[in-house]
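Peer 1: Protein chains in written order, with the working numbering: chain A, 590 to 951; chain B, 63 to 164; chain C, 36 to 239.
Source of the hints: derived by calculation from the structure; they are not laboratory data.
Label-pair distances were calculated between CB atoms; the ranges are:
| # | chain 1 | residue 1 | chain 2 | residue 2 | range |
| --- | --- | --- | --- | --- | --- |
| 1 | B | Arg130 | A | Ala913 | 32 to 42 Å |
| 2 | C | Glu53 | A | Ile883 | 42 to 52 Å |
| 3 | C | Leu200 | B | Val85 | 25 to 35 Å |
| 4 | A | Ala913 | C | Tyr152 | 55 to 65 Å |
| 5 | B | Val85 | A | Asp830 | 52 to 62 Å |
| 6 | C | Leu200 | B | Ala89 | 29 to 39 Å |
| 7 | C | Lys202 | A | Phe863 | 17 to 27 Å |
| 8 | B | Ile79 | A | Leu889 | 40 to 50 Å |
Every residue, glycine too, gets a C-beta built ideally from N, C-alpha and C.
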Amino acid sequence: MLATVAIGILSFTVWLHHFFTMGSSADVNSFFGIMTTIIAVPTGVKVFDWLLTMYRGRIIFKPPMLYTIGFLVTFVIGGLSGVLLALPPVDYAMHNTTFLVAHFHNMIIPGVLFGYLAGYMFWFPKAFGFKLNETWGTRSFWCWIVGFYLAFMPLYVLGLMGMPRRMEHYDIAAWQPHLIVAAVGAFIIFVGIVCLAVQLAVSIRDRVKVRDLTGDPWNGRTLEWATSSPPAPYNFAVVPDVQSVDAFWDMKHRGVAYERPKRYADIALPKNTFIPAFIGVAAFVFGFAVIWYIWWLAILALAAITLAIIIRASDDETDFVLPAQEVKAIEEARFAQLAKAPPNEMVDEPGFAGGTILEGVS
Amino acid sequence: MDASGLPVVRNTRPYLIGLGLAVLLTAIPFALVATGALPRTTTLIIIAVAAVLQILVHLRFFLHIGLRSTPFENLAALVFAGILIVFMVGELCGSCLTSIIA
Amino acid sequence: MTAGAFDTIETAALPASEAQKFEERAFGFWIYLMSDAIIFALLFATYLVMLGNTAGGPTGQLLFSLERAAAETALLLLSSVTFGFATVALALNSRLRVIQWLLVTAVLGVAFLFLEYGEFGGMIAEGAGPDRSGFLSAFFALVGTHGLHVSAGVIWIFVMIGQVLTKGLTSPVASRVMRLGLFWHFLDIIWIGIFSVVYLPGLT
Chain A
590 MLATVAIGIL
600 SFTVWLHHFF
610 TMGSSADVNS
620 FFGIMTTIIA
630 VPTGVKVFDW
640 LLTMYRGRII
650 FKPPMLYTIG
660 FLVTFVIGGL
670 SGVLLALPPV
680 DYAMHNTTFL
690 VAHFHNMIIP
700 GVLFGYLAGY
710 MFWFPKAFGF
720 KLNETWGTRS
730 FWCWIVGFYL
740 AFMPLYVLGL
750 MGMPRRMEHY
760 DIAAWQPHLI
770 VAAVGAFIIF
780 VGIVCLAVQL
790 AVSIRDRVKV
800 RDLTGDPWNG
810 RTLEWATSSP
820 PAPYNFAVVP
830 DVQSVDAFWD
840 MKHRGVAYER
850 PKRYADIALP
860 KNTFIPAFIG
870 VAAFVFGFAV
880 IWYIWWLAIL
890 ALAAITLAII
900 IRASDDETDF
910 VLPAQEVKAI
920 EEARFAQLAK
930 APPNEMVDEP
940 GFAGGTILEG
950 VS
Chain B
63 MDASGLPVVR
73 NTRPYLIGLG
83 LAVLLTAIPF
93 ALVATGALPR
103 TTTLIIIAVA
113 AVLQILVHLR
123 FFLHIGLRST
133 PFENLAALVF
143 AGILIVFMVG
153 ELCGSCLTSI
163 IA
Chain C
36 MTAGAFDTIE
46 TAALPASEAQ
56 KFEERAFGFW
66 IYLMSDAIIF
76 ALLFATYLVM
86 LGNTAGGPTG
96 QLLFSLERAA
106 AETALLLLSS
116 VTFGFATVAL
126 ALNSRLRVIQ
136 WLLVTAVLGV
146 AFLFLEYGEF
156 GGMIAEGAGP
166 DRSGFLSAFF
176 ALVGTHGLHV
186 SAGVIWIFVM
196 IGQVLTKGLT
206 SPVASRVMRL
216 GLFWHFLDII
226 WIGIFSVVYL
236 PGLT
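Construct all of the structure, not just a fragment, from the sequences and the given hints.
Peer 2: So, in structure tokens, the structure goes:
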């Protein structure tokens with residue numbers, strides 16, 4: 590956590606590394622270069638934290654885990670090339686070459702994309718009530734990671750050989766073998782994207798068969814898995830009694846995970862409203878109009894936004910109360926569904942330690 | 063400000079005190095610029111100091127921010143914003159100035 | 036300023052969830068103000084970096100007027116104080132006085148905007164618009180953004196006058212007036228920065 594805080598503060602002191610070559614003095618460049626190398630330290634701490642979290646654990650290689658491990662390995666390599674580029678003289682030499690292109694893809698694809706896909710596959714069942722197909726998820730991962738390395742590692746070499754970025758054509762024969770490998774990698778990534786689309790299509794097709802009836806498809810440790818999939822509008826009918834860091838895991842082990850509450854209370858909830866979406870669309874129209882100098886449309890959109898805000902700001906009844914009776918009805922339906930649910934499919938996985946998760950349901 | 067988000071100050075005294083102090087802290091820099099009585103650098107320093115002081119006056123007497131009366135998270139947000147502002151403005155001005163001089 | 040033996044808006048009388056709602060909204064608005072402060076700080080920094088980039092065009096010395104800056108400063112400072120009076124009237128549950136002081140604040144705000152739009156219009160008319168030089172781009176970005184905020188604030192004051200007239204001094208209305216107060220005082224703080232960084236140094 591300290592490492593994350595450190596990165597949070599330090600991240601405001603590195604930004605000039607994006608324009609080392611724009612004419613600042615050596616003093617300025619070296620300050621930001623040094624801060625950029627320093628920020629790698631707490632980042633390394635976090636990587637070790639993640640590794641030690643996995644160490645001596647029993648790892649189950651579902652697609653979210655695959656993407657996470659893929660992120661850890663690949664992001665570190667990208668970070669290494671980043672530390673090289675943090676030195677202004679090196680950056681001057683590598684500026685606008687494919688070395689730089691390889692570096693930032695080496696950060697974004699594992700860091701942002703794999704993280705996003707891991708989260709997407711992990712929480713999809715919670716949000717939509719059915720699981721994503723794991724076979725296609727695994728296939729997408731292998732295509733993405735193999736494709737990534739084939740597509741971008743040659744670009745490091747090419748950058749060192751002097752190839753600039755954003756070229757419309759090239760005529761240096763020595764580059765060609767690397768670029769062919771990169772092209773193959775790009776194609777494999779394309780196959781990976783197709784796998785993601787197929788995964789979604791297959792899962793939607795089979796959604797009734799793969800419905801998440803318990804709300805806990807992964808034998809999870811944290812509290813979101815205690816709710817139904819998708820959760821009720823109020824999330825939790827009663828505030829959970831948290832006794833441990835892994836609150837839900839602990840509840841399952843103590844046998845109190847699915848206890849019926851003694852009494853239900855009214856719950857205050859916000860009403861649904863389309864005003865934010867409307868403001869978003871109007872803001873988009875405003876931006877478009879201002880870019881293309883369509884002044885009448887810009888004024889119209891601005892007026893629409895103002896009106897929408899005023900309407901919302903004059904609304905005294907933005908919340909409503911869900912009566913305890915309705916909460917009870919929703920919860921009873923959930924317990925009924927839990928009673929019908931087949932045993933958690935993770936029961937057969939190595940290291941499953943949760944026992945039967947339906948203890949406590951009367 | 064206090065946590066409630068609802069009005070609590072029931073007399074005009076803080077606003078009148080704030081007005082008095084603010085007028086003073088405004089009049090001095092304006093007068094110095096109007097008359098040109100002091101050298102430029104000194105004037106600029108006095109302008110800066112008066113500005114910082116007047117901002118504090120506003121925070122205290124108009125926004126009623128106090129170390130005890132204001133909730134901790136509001137103070138934390140203010141300090142965090144302050145840190146970021148010092149960083150960013152300092153870095154921008156510092157890089158510009160040292161690039162010109164160097 | 037009539038102080039009366041009226042009921043004030045008692046937070047204790049509100050159900051806990053209501054009071055909590057207003058607390059949360061005030062805090063959320065404060066967080067927005069902090070982000071706005073950072074935006075303005077960056078606009079200030081950009082202005083300072085661009086000070087010398089006049090591209091052979093007019094400088095601040097030529098364009099700025101000490102009298103107008105003084106008038107604008109007085110108007111905004113006074114408007115902050117009159118808003119404070121409106122807040123006190125709100126705490127004392129006096130509908131009439133709230134509307135009166137909000138109106139005075141709005142008039143002062145409109146007067147400020149009149150001077151400022153006049154200044155911008157004049158500058159643009161004599162070829163010193165935001166496209167003349169980097170310095171002027173930065174000037175219009177900084178002072179213009181502040182002016183846009185004040186314009187939005189003035190609209191908001193009129194909306195609140197309307198709400199007080201139609202709904203009375205209910206607690207939702209009161210909490211909105213308080214958030215508007217945070218906004219309005221914040222804008223006066225930014226103006227302190229503007230006259231201290233833009234107008235006064237430009238004219239020394």
